[in-house]
Amino acid sequence: MSELTLTVMRLGFLAVLWLFVIVAVQVIRSDLFGTRVTQRGSRREAGRQQQQAARQQAAPPQQRQQSGGRQRRNAPTKLVVSEGTLTGTTVALQGQTITLGRAHDSTIVLDDDYASSRHARIYPDRDGNWIVEDLGSTNGTYLDRSRLTTPTPIPLGAPIRIGKTVIELRK
Amino acid sequence: MSSTTNTPTHHTSTIGAIGAPSRRNTELAMLVFAVVIPVFAYANVGLAIDDKVPAGLLGYGLGLGLLAGVAHLVVRRFAPYADPLLLPLATLLNGLGLVAIWRLDQSKLLQSIGVAGGKATNQLIYTALGITLFVVALIFLKDHRTLQRYTYISMAGALVLLLLPLIPGLGANVYGAKIWIQIGSFTIQPGEFAKIVLAIFFAGYLMVKRDALALASRRFMGLYLPRGRDLGPIVVVWMISILILVFETDLGTSLLFFGMFVIMLYVATERTSWIVFGLLMSAVGAVGVASFEPHIQTRVQAWLNPLHEYKLSQAGSHDGILHSEQAMQALWAFGSGGTLGTGWGQGHSELIRFAANSDFILATFGEELGLAGLMAILLVYGLIVERGIRTALAARDPFGKLLAVGLSGAFALQVFVVAGGVMGLIPLTGMTMPFLAYGGSSVIANWALIGILIRISDTARRPAPAPASNPDVEMTQVVRPS
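So the sequences go chain by chain: L and D. Going by the numbering used here, the residue at position 96 of the first sequence is 96; the numbering climbs one at a time, nothing skipped. So the mapping is simple: the numbering used here equals the position in the second sequence, first residue as 1, plus 171.
Calculated directly from the structure, the hints in this document are not laboratory data. Treat the hints with caution; some may be incorrect.
As the list claims (entries may be wrong) - Short, incomplete list of chain D residues facing chain L, as computed with Cβ under 7 Å:
#, residue
1, Thr197
2, Phe204
3, Ile208
4, Asn215
5, Ala219
6, Gly514
7, Ala547
8, Leu550
9, Gly553
As the list claims (entries may be wrong) - EDC-like cross-link-like pairs, simulated, lysine to aspartate or glutamate; straight-line CA separation at most 20 Å:
#, chain 1, residue 1, chain 2, residue 2
10, D, Lys380, L, Asp111
11, L, Lys171, L, Asp125
12, D, Lys313, L, Asp105
13, L, Lys78, L, Glu3
14, L, Lys164, L, Asp112
15, L, Lys164, L, Asp144
16, D, Lys380, L, Asp144
17, L, Lys78, L, Asp113
18, D, Lys279, D, Asp222
19, D, Lys223, L, Glu3
20, L, Lys171, L, Asp127
21, D, Lys380, L, Asp113
22, D, Lys279, D, Asp221
23, L, Lys164, L, Asp113
24, D, Lys290, D, Asp221
From the three backbone atoms N, C-alpha and C, an ideal C-beta is built for every residue, glycine too.
Same shape as in the complex, but just chain D (with noise of 0.2 Å):
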């Protein structure tokens, strides 16, 4: 019998429970400072373009203020061992984009086209119903695990939804990315709602089948190629991600979707070979399709020459191709914002026109924050991730596990792609920055994946119940024969 304390590899450690604090002071502590942040932002504003403290500052505050305090009281009762990062961190990115949704709202350019005007007020009612979505969540969602019985709906589900947009007559084409359906006025974007759908049915999936995509494999050269018959599932969603970029022609959604599968897939298993075929299948898939796809080579075309699709898109050339301009004014707005940015309200990003306030208010962060206040929230987008994988690494049940890695996985992605997008390290594609962008679709799905995961988080932080106590000591006494 060897002994522990000799072993070589540091296995050696002592596992003791101790009692959690619920966390939920801190929680409140960090929401009025989030509340603040913006509250603050929005006075900048004011003051830079009006020189006055804007009429609505007290309205917006209460309401960013009231729903903050609306989400902490419902953790407060209903999730009160939650992760104490999750909520502020997302009141924050909300707030922020509300202050810039305003701060664009204010542009003469933009209100003559229609884009801005009065968006600031959308959105916080969208707001108001994400964060309505949320509270269902946590009140009706007692234990994340009653997900898992509806795996395979979720499925079914997750298809009809990424299958809406290609409807005719209900799929609406925005600027050439076929990603939102349009009922009446309303138009909704399925796919913001799709990807909390998909993660829970690959969760349930991926934990029912992952020791037969772990474990049947054969090694070479480092690493696990897994039997061809394992290959099913990965293809299977490889090939709809694929129909996806060609029928929606958004390689966003794409991206995001096979991302997701394959992070969920290598969490599941363990196996970098899902990674490296992953990687190569994405890679494969987005050039073949871009290979004959306009409206793909169009992006592609302006991530690569941004500058050159610019000249084509000023001279008005009329070879029947849209050249986009934005790639490069994007750079510009984060260009002329250098390190420490022109401050709220005084840089030029409304220059970008359309989308200036949904896709491309990256830039107007980065123009106004500059570099410093953009690494800032990024990194606040970082922290939601690592409150999510934290979340999974502590939750105890691999369904729990699997569905918080598949959120903050996706999110991570979305983050990932837009800002990339943007920043022009990968092409542009029609996805929104959660919680910052403009949209109602992205801002309801993103505070339901919030509340998700403030579930998993109450459910794996929660101090496991005190040891039953034993009856043999009560007043009973058992006589054993010995």
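One chain only, chain L, in its complex shape (with noise of 0.2 Å):
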């Protein structure tokens, strides 16, 4: 076999291992998903969190149209924390029960000492308005000031108080 066949399959094989490599980081680059997490609130942070809202808009369509049939007009569409450990997290409200707490299968796990394992749960009544209920934990759960007892609607805005973490439900 000539030198150059040689030297050309020689330069070939590393060019075809390093085209391995690439594709193989191109493959993880478009893996790149999952949890959707929009970093909000850094203005150079903006314009790319538009783009992702309108992404966010045109990929789950089947289930906005689920849940926007029964919503009112002024029916919240997020759950946001907005003190505690995991401040910033929101969650879409789509028809589905939020449980909160610290054991690992809740909707949001609860890194609180003053949280119980299964500590409350959000979910929608037939009407869709958003019920809070505590089920049965040790520190209770606070709707504004007061303590929880029964199920209790949600008013828009109102914080809602487990151990440290406060959320709210927002449009």
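Two chains, two frames, some hints: make the complex.
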């Protein structure tokens, strides 16, 4: 086999090997999905956030339709954690029950010494009002300043306090 | 009530679910690529050595392709949301290993000393066994959390595996390191399997104990000092790793297990102090043992003065110490490879003689593919580790997280220990490069490791089930007192 052919093969092999690595990295790049975390609050992120918002609108149309029918105009669309270690976390309200607690299968896993493992749940009733119910927690769930004893509808923007964590519903 | 958009800490984030694609077709495409590269390399070796395309091209190509195809189909069926890269990356390394072993098989020198010849066929059989174990792991391990039940059984199992080479009559002393057992004509390296079993034990144990290990501590000079009694586990694991070092005289195995534990301890507790303690303890242990263990001393000497040791071994020094010439030979192999390498089949790494196709296989890659090729291979290892850590990040249960970190950490440490040893960064050890090196235990155990990682990644990446429809909007209406 001529020297030239071997040299071409040698360089070609290295090129192919690196191509594989580069393609693998591209796969990783395109693999960034799962829970979509949208950073907000900093200015340079604003552009990207808009893009993502546009994409987000395009992405789950069926979920939107499913909940959209029942929802009234003033209905909250998201649950926001406004104080505590999870500050800034939001969960879209799509008609599902949201469980809060230290248990790992909770929708919002509270890393809070004052929270019980199954602390409270937030769910929509048949009119689409969101209800918060304390699940027999040790330290209680507070809506505004009062400790919950029965399932209670949540007014928009009212703080729900669990230990050091504060949650509210927003539009 | 402060508004979240104004919080100075950049915690503000929105978590929204989106449908995750399964990425199985990406995996298939990458897998085809990962099989084509070794086939190309194989043809290249044949053309360089014999001026013709080797006769076994179809056989090896089809063999590797078939194994990869089976693995892919099983993943498609039993772990549809698994990471798309783990399988192709492992297949590529395994395929390249096969080619390098076959290439060394062609060497008359290695054939004459019985190190080479037909080893590639053996390796292909080991690969088949490894893929079988991979398939079995995926089919029978429906959920990695079942492994959690066997936490303490795993501990016992791992100890037995680690102690096996010390049993007289069963253990085999191969070039000074006692990390093999011999059954009939087979030699098995139980440490490779112990790695996986031990990761299961550490994950199960740390998941339960991590709060005690993380919270009960005092702060001192920016470090959290654990209480004396919480040091128990790390001391026990350290003692075991020291015992391995003393009795099996293998730095690599010892470093691997202790390092894996420290990594998992750090991940479980988020305390930097464990890393500091771990590094201190392993340094003290290694230096302490090296001061009296002759086998380790030889290795350290070969690491510090490779050229001197080479001269001694060439001169036939009869001072009763086995002088290693390989450390220097490996460095020469890397040197003669240069940046772009000599090309497949045109190097002389067979001069390393024994262990040329196992411990020192990286020297063959370094010589024939050069720095460029070696870096690509190390990157492939890096990507496997990255996907493992990524799986740990995505995993929702703490056991899965710890297990994925432990397995990928052990994999990374093994690559570091072997590559570092061959390249002269740390003293040489008796471990083998995962997937590349010749050796049944290593290939089989690492395929099982990839299988478990794929299982965890499938669980982690599987989209959450759709929210249960609200019973109140169904036909049955619940009348509630309001």
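The hints, checked one at a time:
A cut of 7 Å between beta carbons decides the hint on threonine 197/D: the least distance to chain L is about 6 Å, and the hint holds. Evaluation of the phenylalanine 204/D hint against chain L yields a held restraint, the C-beta minimum of about 6 Å falling below 7 Å. Of the supplied interface hints, the one on isoleucine 208/D holds, with its beta-carbon coming within about 6 Å of a beta-carbon of chain L, less than 7 Å. At its closest, the beta carbon of asparagine 215/D sits 5 Å from a beta carbon of chain L; the interface hint therefore holds under the 7 Å criterion.
For alanine 219/D, the suggested interface contact is upheld, since its CB lies about 6 Å from the closest CB of chain L, less than 7 Å. With a least beta-carbon distance of about 4 Å to chain L, the hint placing glycine 514/D at the interface is held under the 7 Å criterion. Checking alanine 547/D against chain L by beta carbon gives a least distance of about 4 Å; that is within 7 Å, so the hint holds. The beta carbon of leucine 550/D is positioned within 7 Å of a beta carbon in chain L (closest approach about 5 Å), and the interface hint is therefore held.
With its C-beta approaching chain L no nearer than about 9 Å, glycine 553/D sits outside the 7 Å limit, and its interface hint is violated. Annotation: proposed proximity of lysine 380/D to aspartate 111/L holds, straight-line Cα distance about 17 Å (limit 20 Å). Among the hinted pairs, lysine 171/L with aspartate 125/L is consistent with the structure: their alpha-carbon atoms are about 17 Å apart, no more than 20 Å. With a C-alpha separation of about 19 Å, the suggested pair lysine 313/D and aspartate 105/L falls inside the 20 Å cut-off, and the hint holds.
With a C-alpha separation of about 68 Å, the suggested pair lysine 78/L and glutamate 3/L falls outside the 20 Å cut-off, and the hint is violated. Simply put, lysine 164/L and aspartate 112/L have alpha-carbon atoms about 7 Å apart, close enough for the 20 Å limit, and the pair holds. At roughly 14 Å between alpha-carbon atoms, lysine 164/L and aspartate 144/L fall within 20 Å of each other, so this suggested pair holds. Restraint check: the Cα-Cα separation between lysine 380/D and aspartate 144/L comes to about 37 Å, which exceeds 20 Å; the hinted pair is violated.
Between lysine 78/L and aspartate 113/L the alpha-carbon distance is near 25 Å, which puts this suggested pair outside the 20 Å criterion. As the CA atoms of lysine 279/D and aspartate 222/D are separated by approximately 17 Å, the hinted pair is consistent with the 20 Å bound. With a C-alpha separation of about 14 Å, the suggested pairing of lysine 223/D with glutamate 3/L holds against the 20 Å cut-off. For the proposed pair lysine 171/L and aspartate 127/L, the alpha carbon gap of about 17 Å is at most 20 Å, so the pair holds.
With a C-alpha separation of about 17 Å, the suggested pair lysine 380/D and aspartate 113/L falls inside the 20 Å cut-off, and the hint holds. Of the supplied pair hints, the one linking lysine 279/D and aspartate 221/D holds, its CA atoms being roughly 13 Å apart against a limit of 20 Å. As the CA atoms of lysine 164/L and aspartate 113/L are separated by approximately 8 Å, the hinted pair is consistent with the 20 Å bound. With a C-alpha separation of about 19 Å, the suggested pairing of lysine 290/D with aspartate 221/D holds against the 20 Å cut-off.
When held up to the earlier numbered hints, the structure conflicts with 9, 13, 16 and 17 and fits the remainder.
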